[in-house]
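A.B. asks: Sequence:
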Amino acid sequence: MKLKAIFYLTIFSIGFSKAQSDKKEFCDKFYAADFKNRITLTSKLSPSKLYEVYPLIKDTLELAKKLIREKSESKEAKLLVELIEAKLELSRKNYTKAVFALEQGLNSYALNVNDSLLCYSLLKTCFVGIRNYIKAYEVNSRMELMRLRKSDSVIIDYGIPKSKLYASLNFFDKAIAERRNEFNKSFTVNDTDALASLYNDVGVYFNRQKNSDSAEASFLKAKQVLESMNIPEEKAIHYSFFKALIGGNLGFSYFNKGKIKEAIPLLKEDIYYSLKDNDFGSAFNSYNLMVECYLQLNNKELAKKYLDSSEHLLSKGFSDISQSLKYLYLKATFFQAQKQYDNAILYFNRYFNIKDSLNTAEKMQNLNNAEIAFQIEQKEFELQEKNKMLIQQKLEDEQIKSQRAYQFIGILVLTALIIVLLWRNRYVKKRQIELQEKTSKIIVQNQQIEQSLKEKDILLREVHHRVKNNLQIINSLLGLHISKLEGTGNEVALEEVKQRIASIALTHQLLYQNTNLSNISLNDFVHNIVWQIERSFSDSQINLDTQLEANGLKLNIDYAVPLGLLINELLSNAYNHAFPKNKKGSIVVSVKIENDKCVIAVLDNGVGMSETMNVSDKTTMGMDLINILAEQIDSEIKIKTDANGTAFYFEMDSSKFPS
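Quick note, the sequence shown lines up with residues 1 to 659 if you use our numbering.
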């Protein structure tokens, strides 16, 4: 044990000395550089490196940043200042401040694709930090569009890959497909590390889907790749840890399948090499799984031993709150198995108290995320308005120049004619003055009308935006209430209400995002409604398809709201009633134009409806609501049902759609 302690102390000393040497080397370069190169050098540091050296260069760096902001006209220099500011805030986990610094850089100082990519890479890291994975995905999509136009000389850290973003959003099928796609793009011959990592990552995603068979197959492939390698002696420890890590993941798959005895040796090996590699998080997870294994084997003595080891790791201070929660729950479960119910209740209470606090904190975080997203959208909108004003100002300047040119020509003509037609000249001058006054009044009136229209347009967008936000707040409140009613059976009705409110909110969102505030595209509207419902039933095995062929048709809000609710009701009914539990199936939503009629259909291949039920059936709230909504869009529901499934058809007169 003493030799092991000396070994780790030596490694730590070497690492510490190297870190100090790196900081000294940077500071020497920094103070030897001129004013401009100091900013350039600092902007190239990663957030963690900048955090380390910042106390050593703080005064000089802050003075340089201040001078550039106040004196410099260079957009390039100002962009570097915003990047430095964002990295500092990132290192302190002040993600909101970092986002605003990067937005300032993007909107005001980015000169090309390279500049934008530098900002977007940090912006994605910020959104991942605040767990706003949807915004992170949007930023990643923008980066993918710009990637091909990047200069080869500029190195960009693209941050967390797209596959992990999908996994963070719980889209594990997409995460698996994207991880394979990423591997195919970067794979080189004999790159066995990359191949083993691919199989391990895919196995982890299958594990999180509870698809233990596929996960087991992936982990076994990863182990087979590593076992076929000729491993250099200097990398033996690294590969031993890598193999043990994959084995631990495989052990988790065995545990999920009930193969407890097969899982235990793999988990023990993972613990050994994780501790050897100082990966306390991996060791902690395997300790906890070992406790569960021995509890299932009714070996409480060994379960207690591994539970104590888990507690010992927590004392090292490496863990986050989620791992502490996992430990509390496991210890409560252990006491419950020991029939020490007082201790079990004590630890369960601690677990639920901390979890309730975490839920409250997470809701506050979600609210902050929404606020940040709104402020970013507001800034983007303001920038668009400024660009429109600049274009309008340019047009007005050109118009004024043209008017002055015409006036000058008129004066020359009048001067030539003044000798022979003096009285006529006076008359023309008088008329010209009158025309100029009228023209000026017309220009002023046009400007006032145009400004009024812009203000009304902005107000109308704001109304739609606020309605959407208020509906989302109502949905959040319903979500809180549903969580409290879980298990009572009442939450199903509230979930249906919540889905209907989300459908109305989507209508207002599409309206304020659309160029034309009075109507929205029928195809886009139906696609978004279907996507939203599909996401709500993401854990089902039902395939949802859309066939949208109503190009050019628009919807106003009077038809959009009931139509959205109608499609929502039909799809929800299909998901909830058309298929027995865990049965696979498919649902198709189609929009077609037939004989000047817009025909919308919702079809499923489920169990079908009762032969006694028809479209006028008022015995259920669902059918009653469907009939009411159909009347609001001047349509009539037709139902076809048999052993192959159920189909709902309703048609609308195409002439009622705005062109």
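Everything labelled a hint here was simulated from the structure, so no lab data went into it. Heads up, a few of these hints could be off.
The list that follows gives simulated cross-link-like pairs (lysine to any residue, SDA-like), each with its CA atoms no further than 25 Å apart [said to hold, decoys possible]:
| no. | residue 1 | residue 2 |
| --- | --- | --- |
| 1 | K58 | D34 |
| 2 | K261 | L275 |
| 3 | K300 | D277 |
| 4 | K276 | K305 |
| 5 | K221 | I264 |
| 6 | K174 | V588 |
| 7 | K441 | I400 |
| 8 | K75 | N107 |
| 9 | K429 | L471 |
| 10 | K355 | I400 |
| 11 | K592 | D539 |
| 12 | K268 | D213 |
| 13 | K223 | E233 |
| 14 | K584 | I639 |
| 15 | K93 | L61 |
| 16 | K93 | D59 |
| 17 | K498 | N107 |
Computed beta-carbon distance windows for the label pairs [claimed, not checked]:
| no. | residue 1 | residue 2 | range |
| --- | --- | --- | --- |
| 18 | S214 | S151 | 38 to 44 Å |
| 19 | Y31 | Q448 | 54 to 60 Å |
| 20 | D34 | R142 | 50 to 56 Å |
| 21 | N644 | N556 | 35 to 41 Å |
| 22 | Q632 | Q296 | 54 to 60 Å |
All residues carry an ideal CB built from backbone N, CA and C; glycine is no exception.
A.B. asks: For every hint, state whether the structure bears it out.
C.D. replies: A quick look at each hint next to the structure:
1. K58 - D34: holds (16 Å)
2. K261 - L275: holds (22 Å)
3. K300 - D277: violated (29 Å)
4. K276 - K305: Within the cut-off at roughly 19 Å; holds.
5. K221 - I264: holds (20 Å)
6. K174 - V588: Measuring from Cα to Cα gives roughly 21 Å; hence the hint holds.
7. K441 - I400: holds (14 Å)
8. K75 - N107: Holds, at about 11 Å.
9. K429 - L471: The hint is violated at about 63 Å.
10. K355 - I400: violated (67 Å)
11. K592 - D539: violated (29 Å)
12. K268 - D213: Holds. K268 to D213 sits at ~22 Å (cutoff 25 Å).
13. K223 - E233: holds (19 Å)
14. K584 - I639: Holds: K584 and I639 sit about 22 Å apart, inside 25 Å.
15. K93 - L61: holds (20 Å)
16. K93 - D59: holds (22 Å)
17. K498 - N107: violated (37 Å)
18. S214 - S151: 38 to 44 Å: For S214 and S151 the Cβ distance comes to about 41 Å; the hint holds.
19. Y31 - Q448: 54 to 60 Å: holds (59 Å)
20. D34 - R142: 50 to 56 Å: violated (35 Å)
21. N644 - N556: 35 to 41 Å: holds (36 Å)
22. Q632 - Q296: 54 to 60 Å: holds (56 Å)
Against the hints set out earlier in the document, violations occur for numbers 3, 9, 10, 11, 17, 20.
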